[in-house]
Amino acid sequence: MDATALSALLYRHILDARRTEARELLARAVEASGYEFALRSVLEPSLALLGERWSENSISLAQGFVAGKVAEDFLALGESHWPEAEVTAAGDGGPARIAVMGNIEDDYHAMGRSLVTTFLRLRGWTVADLGCDILAASFVDKAIEVGACVIGVSAMMLTTARNVLSLRAELDGRGLSGRIKLAVGGRRIQDAA
Amino acid sequence: MTPSERVGALIAGTPVDRPPFALTASLYGARLTGRKASEYFSDPALYAAGQRAVAGLCGPDILFGPFAFALEAAAFGAEAERFDDAPPLVRKPATRSPAGIGSIRRPDPGASAELRCLVDSLAAVVADQGGQRPVAAPIAAPTDLPILLMGMEGWVETLLFEPELAAEWAALAADHFAALASAYFAAGASFVVVPVMSTSPAIMAPNLIERLLMPILREAFGRLAGPIVFHHGGNRLSGLLPMLKDLPNVAGFVLDERDSFAEARQALGPGHLLLGNLSGPQCGLRPAADLEARTRALLADRRTDAKFIFATSGADIPYDTDPRVLERLGSLLGSAP
Chain A
1 MDATALSALL YRHILDARRT EARELLARAV EASGYEFALR SVLEPSLALL GERWSENSIS
61 LAQGFVAGKV AEDFLALGES HWPEAEVTAA GDGGPARIAV MGNIEDDYHA MGRSLVTTFL
121 RLRGWTVADL GCDILAASFV DKAIEVGACV IGVSAMMLTT ARNVLSLRAE LDGRGLSGRI
181 KLAVGGRRIQ DAA
Chain B
1 MTPSERVGAL IAGTPVDRPP FALTASLYGA RLTGRKASEY FSDPALYAAG QRAVAGLCGP
61 DILFGPFAFA LEAAAFGAEA ERFDDAPPLV RKPATRSPAG IGSIRRPDPG ASAELRCLVD
121 SLAAVVADQG GQRPVAAPIA APTDLPILLM GMEGWVETLL FEPELAAEWA ALAADHFAAL
181 ASAYFAAGAS FVVVPVMSTS PAIMAPNLIE RLLMPILREA FGRLAGPIVF HHGGNRLSGL
241 LPMLKDLPNV AGFVLDERDS FAEARQALGP GHLLLGNLSG PQCGLRPAAD LEARTRALLA
301 DRRTDAKFIF ATSGADIPYD TDPRVLERLG SLLGSAP
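Those protein sequences? They're chains A and B, same order as listed.
With this note's numbering, letter number 134 in the first sequence gets 134, and the count goes up by one each step, no holes.
With this note's numbering, letter number 269 in the second sequence gets 269, and the count goes up by one each step, no holes.
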């Protein structure tokens with residue numbers, strides 16, 4: 001089977017939530033043609049197509065979640081294959097590609113954050129994923145500790161989206177606003193955008 | 001005709017003097033009685049007084065028990081946050097992990113304070129209305145209760161990748177659904193209304209709905225001894241009706257405002273009730289003239305549909321909606337041809 005056919009089959013497995021079959025397909029591709037081939041010619045085209053269909057609202061959240069899990073499985077499959085430089089730096093003299101991710105205080109809707117974390121890692125970012133219900137100060141402490149250039153914060157409900165303001169205030173209060181960018185996501189943020 | 005006679009006649013397929021109507025104004029009773037929502041959803045007598053005020057303001061043919069699914073989750077140990085002007089929400093789930101199913105409590109509708117309050121509130125409305133108005137009991141869908149108890153991610157991951165654990169959760173949810181619905185029917189509910197959010201195409205694609213969710217719905221719905229109204233849960237429904245129409249005990253469907261009644265009727269045939277589809281949440285935002293125009297258009301569109309009930313769709317009518325809007329809607333619908 002050529003790369004196009006493999007990628008199409010992988011795409012089908014993801015749509016049908018066949019995670020085991022997807023993982024096995026990718027493992028066979030790595031075995032036969034190497035990690036780089038499996039990534040660039042099989043996984044990435046499938047994910048690109050899923051991304052296109054996601055932006056057209058024709059991919060469900062569950063299918064997006066499966067895609068994230070398949071990407072996670074692929075990362076686990078080939079951690080040793082990652083070039084060191086790609087993991088830690090942009091390679092263009094820009095800031096290190098390190099992010100801190102988490103759901104803001106009182107927010108437990110983890111799915112969006114998990115997906116973004118996985119896809120950042122797939123693109124070579126180092127991500128400190130703090131999980132759910134994270135205080136503003138803890139985000140900033142972690143970002144300083146790991147040298148992050150961005151904090152990604154997620155909030156699903158209107159009540160918890162308001163808590164993101166405390167993170168903005170924490171960054172401003174510590175004089176870090178120019179150094180650490182704040183990326184905000186979640187349903188209410190989407191609605192407001 | 002009394003509201004009960006009107007709704008009964010419509011269900012039986014005999015002539016009615018006008019189409020029945022229902023406005024989802026569970027929360028709104030708190031506004032009309034000057035109560036904080038937190039008090040209102042905690043006291044059956046206050047709740048019944050609120051629904052009486054709704055009936056007095058706009059005369060709907062159907063009233064509702066509490067639309068407060070966070071209280072169902074609280075009965076399992078989730079932390080509910082209460083508000084002055086909104087229904088309670090789940091603040092912290094009952095478990096952080098799907099594997100925590102063994103550690104969460106299994107509430108009995110007869111013993112749990114939260115479930116007792118829900119059932120007693122509905123019973124108080126039934127008693128207060130003296131049989132004049134059917135009372136509907138909102139209940140969390142068996143496919144959605146796990147979302148309230150462990151969060152969306154945990155439930156979706158479990159459904160997709162942990163079939164044995166998913167079956168345990170489905171059994172827990174179905175047992176609760178059957179027990180609480182049974183308590184509602186015993187308390188006088190005319191039907192249960194089940195908003196099903198997890199069948200949203202935005203959450204689950206139809207192939208996954210068929211494979212993962214339909215078996216749960218069939219099993220749980222089949223255990224009820226009374227009728228179910230399947231509520232769209234905030235999502236378009238008409239495209240899924242061919243899949244959903246044979247679910248056991250489902251008497252009707254509440255459509256989303258974006259759904260087409262014509263398509264829905266074509267998919268279902270003449271037997272099922274169709275309810276909808278003026279957006280309840282938008283009642284507080286749209287100009288009165290716009291609401292009236294939409295209402296008239298909907299009534300005109302459905303004038304030959306013998307199984308149509310005008311209803312608000314989506315979530316509860318917001319607390320801050322101007323009462324004159326509902327009064328005017330009630331007047332318009334109460335004099336519909």
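Honestly, the hints are just simulated from the structure, not real lab data.
The structure presented is a predicted model; accordingly, all values stated were derived computationally and were not measured.
Honestly, I wouldn't trust all of these hints.
FRET-style restraints, in silico, Cβ to Cβ [unchecked claim]:
# : chain 1 : residue 1 : chain 2 : residue 2 : range
1 : B       : Arg96     : A       : Glu145    : 30 to 36 Å
2 : B       : Ser260    : A       : Gly178    : 33 to 39 Å
3 : A       : Ser138    : B       : Glu164    : 22 to 28 Å
4 : B       : Gly284    : A       : Arg179    : 55 to 61 Å
5 : A       : Met1      : B       : Ala297    : 51 to 57 Å
6 : B       : Gly110    : A       : Ser55     : 45 to 51 Å
7 : B       : Asp84     : A       : Arg28     : 35 to 41 Å
8 : B       : Phe83     : A       : Leu165    : 18 to 24 Å
9 : A       : Arg12     : B       : Gly284    : 18 to 24 Å
No residue lacks a Cβ here, since even glycine has one placed at the ideal position from N, Cα and C.
Right, here's what the structure says about each hint:
Between Arg96/B and Glu145/A the Cβ separation comes to about 24 Å, which falls outside the hinted range of 30 to 36 Å. A hinted range of 33 to 39 Å is violated for the C-beta pair Ser260/B and Gly178/A, which are about 52 Å apart. About 36 Å separates the C-beta atoms of Ser138/A and Glu164/B, a value inconsistent with the hinted range of 22 to 28 Å. Range check, Gly284/B to Arg179/A: about 43 Å between beta-carbon atoms, so the 55 to 61 Å window is missed.
The hinted range of 51 to 57 Å is satisfied by Met1/A and Ala297/B, whose Cβ atoms lie roughly 54 Å apart. For the pair Gly110/B and Ser55/A, the beta carbons lie near 50 Å from each other, so the given range of 45 to 51 Å is met. For Asp84/B and Arg28/A, the Cβ-Cβ distance of about 59 Å falls outside the hinted range of 35 to 41 Å, so the restraint is violated. The hint said 18 to 24 Å for the Cβ distance between Phe83/B and Leu165/A, and at roughly 19 Å that hint holds.
For the pair Arg12/A and Gly284/B, the supplied restraint of 18 to 24 Å is violated, since their beta-carbon distance comes to about 45 Å.
Of the hints listed earlier, those the structure fails to meet are numbers 1, 2, 3, 4, 7 and 9, in rising order.
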